[in-house]
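*Asks:* Each chain is listed here by its residues.
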Amino acid sequence: MPKEERYDFVIVGGGPNGVGTAAYLAKCGASVCVLEERPEAGGAVENTEPIPGVRITPHAMYMYAGPAPAFEQLELHKYGFRMDWSPQSKNLAEQQVRGVATTQGLAPITDKDAMGWAKISGMLTDPPFIKELLRSIFWCPPHPPEIEVTAENVPYMQVYKRHQPDVWTEELLDMTMFDLMDEYLETEPIKVMHAMVAWYSGAAGHWEGVAIPALGCDITLTIYGGISVPRGGMHDYFHSIIRCAIAHGTVVRTCCPVDEIIIQDGRAVGVRLRETATTDEKKIWANKAVISDVDVKQTFTKLVGPQHLSTSFRRKVEDISLKGGSIWVSHLLTREKLRCRPKFRNPVSGDDAGLGPYPCDSRAIYYEHVADVDGRRGKPTMPPERLMWLSTPGDRFDAADPQCTIPGRYLASPYYTYVPPPEYTVGGPDALDKVKEEINAYLRKAFSQTIENLNDDTLVHHWANTPYESEFRNSGLIGGTWCGTRHCDDQWGENRPIPELARYRTPIERLYLCNQTACHPGGLALMAIPYNLMHILIEDGLAEPGKWWYPSPWYIPQKGKISAVPLHAGGK
Amino acid sequence: MKQKRELVGQPHPQCFFSEFPAESDWDAVIIGAGPNGLITAAYLARAGLRVAIVERRYEVGGGLATEEILYPGFYSNMHAIYHLMVDFMPAIKDFDMERHGLVWIKPNLQTAMVFGDGGSLLLTRMIEDTMDSFHKYSDKDAVAFGKLMRNWRRIVSEILAPATYIPAMPPIDLTVAMQRTDIGREMLELVEQSPLDIINNHFENDRIRAFLLYISCMWGLDPRETGIGFYVPLLIDRGMNKCYLHGGSHKLAGALSREIVRAGGTILESSDVIKINRHNGSVTGVELMEGRTLNSDVVISSLDPHTTFFDLMDKNKLPTDLKDSVERWKYDKWSFNTVHVVSKEAPHYACEDQWVDESFMTIFGFESTKQLLAHWDNVVAGKIDKNSLGGHATCESFLDSHLVRKPGHISFFQMHAPYGIDGGWDKRGPEIMEAMLAKWAKAAPNMKRENIVMAKQETPKDIEIRFPNMRRGSIKHGDYTPIQMGCFRPNEACSNHSTPIKGLYLCGASTYPGGLVLGGPGYLAANRVAEDLGVKKWWKPTKEMERYIKTYLT
Ligand SMILES: Cc1cc2nc3c(=O)[nH]c(=O)nc-3n(C[C@H](O)[C@H](O)[C@H](O)COP(=O)(O)OP(=O)(O)OC[C@H]3O[C@@H](n4cnc5c(N)ncnc54)[C@H](O)[C@@H]3O)c2cc1C
Ligand SMILES: Cc1cc2nc3c(=O)[nH]c(=O)nc-3n(C[C@H](O)[C@H](O)[C@H](O)COP(=O)(O)OP(=O)(O)OC[C@H]3O[C@@H](n4cnc5c(N)ncnc54)[C@H](O)[C@@H]3O)c2cc1C
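Residue numbers (the working numbering), protein chains in the order written: chain A, 1 to 572; chain B, 1001 to 1554.
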């Protein structure tokens, strides 16, 4: 007979945030169980090899997490963490020489552009303050509710004030990233390029009040992460996190969907698994807390019974916006290496590598794309010549990685294009899936604006997953968006995803959240949510880290709680 | 400005967060994280050794793979799915796999064979259910099967299964030992008969003969070869006791890798071992393609002989005997060609007995022993007759709802096939896939185009691309023939899992007792290394092994 299973913490969902949280807690000495619905943990950070020898990454591709304290605190190198540094990381300057891809060819980047960008990115001081800047944006929990958020206490504002006071102005808090770039950069295409990278990596370039978060998402990839991938892809980076968790005793169970978070007397005490779960024990109990890495909407509409929540709270959760990030992901396998049309070739190296975003002519094109995706919400109306999309450099794979591709076959992957979230698509959630082949063909036409040899003769496979398919594959990817819920100012920081949930606590005692959709700073496999959540669990007396722990320098403890600042560092 | 540009361009030193070191030291390095490599690593890690296991693919598991090859949304167990030795494998008990939430399902209806006229035969976990189906064709065979299996079950549970986890013995010693009991002598009598003889001697009906011959030889026995006859009771008995791991075969790999990590071991994926380093003849570690070096006086390879000895080492510096034996090594006589499909409905076989639809494995395409033998003869000759092919199918989603992430069913149809097919797989692949789908639709009429959402073929060549160590698509890393079995696997010098090269050990399917997910080579290699290093074993033989040792070896 199965014995009763009981742990200090039960974590629902084995994505990078759930497992990262498990690693932190297990390292504190707690007993932790992670329950994952799919055959493999990892959430949206995964690999597949749909044909032998050709590995694709259906979702996450790039390393944005470079500044994460978790690399030190969890010592991920001990668990096999390695990078494949892109050759580009050694020479970003070359990118400047190449310029930005527009319909006219490569538009130059001026010195003013480069200097302006370096300045706001924290690269012009000696030493640079980019790491502090990024940590202040992502790796600090939102301030407690009793603290009024001001231009003085927002972490990144403090960093600018200290290191680059001439950038600091109260208006930074209200700007769009376009506004910021209008001040520091001069040419339109580079601004559109960065706005687009930001939109596909975090907050969009055109959203009010998130200029610096948007900037942060861009530079943590392009400058700090060297536009590079971990060895074996993001999934192998995830392996180092999950192995850290396991080495410290975490129990991981796959194929174990949770159907209910069990609540007794207003307090989360365990979970009930679906009948099909591949384990004999169907109830798992939590002594200290249940932590949900399931998206915020399903957590409160499916896993927590409605009797436990107020109507107004439920309504607020239902209203959380999913817009601004549903990705149609394409992977192209071809007989020839895809070549840029001559006007897009790097004038110095002749390099054909991916161009990043295209086309970056003007914000008019960008806004046209916005209107299609989040305004009209149907099939794209833009002609393929103007459609915006983002490719990743084809040279990102290390030739020493045995699974790049097979001889005679070339992989260009992934190509990202935004489309409306299925939930909001005019015509129903499967409207675009019904015309999948048509849209794939349309996308290839769009890609062919810069590629000269993508055609029926060269194409072997065009794999694609639509946002709706992403939802099927990973039921946590609501809206098929890579970040789940929009990173707009109304859903960011102290407002993410709604103020009531901003500090990872919920109306249910001992139920916490760690999913990207529910927590500051949202999407990307940054190991930021687990770190930030640690502050809160320490405050609530649930986690007691050892000497390895250090809190965010901008963290403000909540009144009446235990401070996450260790005693030896002046905490109370 | 140039200088400033550099400032923009150069990643600041802050960017270089810590990575796994370029050079590191270990007590043992294991090459390849298939079931055997994982088992070896897990035993040794828990024994206190500092262990690193290096895997070429992005995911551990080797043949234990549950992956989304029908992309997007559908997972398949593309390699090992039928787990034959769950009842006996020491690793399952030693690591208390139940604690990992591993649940094996052993359906009563194990294998069905369907015929063109709607007839069928069943092989079930419970002997009587099999006999019931045999009675339709031959009372004599039904009775014979019942009697035979009562004895064969004992031969398997008392001799063959425990012996899988005990070091190989020279044939003479084995013969002497087996003389001690009746069932031992009965087993010895089987050795010198071919599978075809054994089946023909015991059974008269041709359909029953074909059915049992398929079950006996499907893992690669030559039906006409003598010297391997003891495999017939083993594979029929195990064919009645196949298990499916709920959630997919990869779960076993996951559980083993957690054991390794829990015990302080390290797993490195996406790392091709390209060289085994040696100094003064002894092993000193391995080189990874990415440029890292792992130093260790003990290296344990789970790869095939050719890869281990010729690709990773200097062939010319090997002892001559060893070199010759590797050169003589024969890869599997046939491989598998598998068509995986997503369908709206699960396969529904045209068969009077509707229970067949629930079978774990369903054989079709063969009406007689003659036709079956002709197919195998063709395969060995590098041919496939599109009009007369057959194989076995499984509907995975029927067993396991976790494999489908979208509405639909997944199944596969697997056929013995040559690696070196006439004309080559690139050219012949599409037509063979069509022929297989047509054959399937004949047996299960709803498996028509309209019902099939996605189909994907994995050829023997594809197997080799996924696993270069499964050379020529050899699922067992080398053929089952009398001179490549027992203490001759892979050769006399290495069948006890050590090698003539100091510090080099073998733990994969090409070493005794052989291929499939037996967990035998991995377990025995761990024992050997522990003994050689004087490490205390934390595990004990299973009770079946103890009884065997008591009866035959002491
Ligand atoms: C197309 C795409 C591209 C991306 N590119 C990048 C990139 O380049 N770099 C980067 O850093 N990030 C990228 N991301 C974002 C990154 O993948 C996500 O931010 C990250 O995976 C979020 O982690 P999470 O743990 O919050 O959620 P998820 O990864 O969604 O994990 C949630 C987990 O919970 C499981 N689950 C759901 N419901 C249940 C239940 N009821 N019971 C049990 N388990 C359940 C799910 O199966 C899933 O495994 C990308 C994402 C997408 C979709
Ligand atoms: C299509 C198919 C179906 C099968 N069905 C079944 C079944 O139903 N039941 C059953 O019991 N068995 C089945 N098998 C056989 C079974 O999978 C194998 O016999 C078994 O996996 C062998 O285990 P192993 O650990 O010895 O080697 P493998 O599983 O082959 O593992 C070796 C590992 O080494 C890795 N590797 C290779 N080269 C290097 C290198 N240079 N450096 C580092 N790593 C390397 C490989 O990637 C692989 O992961 C099947 C096999 C195939 C191909």
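Hint data in this document are derived by calculation from the structure and do not stem from the laboratory. Hints may contain errors.
To be verified - The following label-pair restraints were derived from C-beta to C-beta distances:
no., chain 1, residue 1, chain 2, residue 2, range
1, A, E336, B, K1537, 55 to 65 Å
2, B, D1426, A, R339, 22 to 32 Å
3, B, K1537, A, D265, 46 to 56 Å
4, B, H1279, A, H461, 51 to 61 Å
5, A, G408, B, G1118, 24 to 34 Å
6, A, H461, B, V1380, 51 to 61 Å
Every residue gets a Cβ at the ideal spot worked out from N, C-alpha and C, and that includes glycine.
*Asks:* If a hint holds in the structure, say so; if it does not, say that too.
*Replies:* Here is what the structure says about each hint:
1. A:E336 x B:K1537: 55 to 65 Å: holds (56 Å)
2. B:D1426 x A:R339: 22 to 32 Å: holds (25 Å)
3. B:K1537 x A:D265: 46 to 56 Å: Holds - the Cβ-Cβ distance for K1537 (chain B) and D265 (chain A), about 50 Å, lies within 46 to 56 Å.
4. B:H1279 x A:H461: 51 to 61 Å: violated (46 Å)
5. A:G408 x B:G1118: 24 to 34 Å: Distance hint for G408 (chain A), G1118 (chain B) is violated at roughly 47 Å.
6. A:H461 x B:V1380: 51 to 61 Å: violated (33 Å)
When each numbered hint is compared with the structure, violations occur for hints 4, 5, 6.
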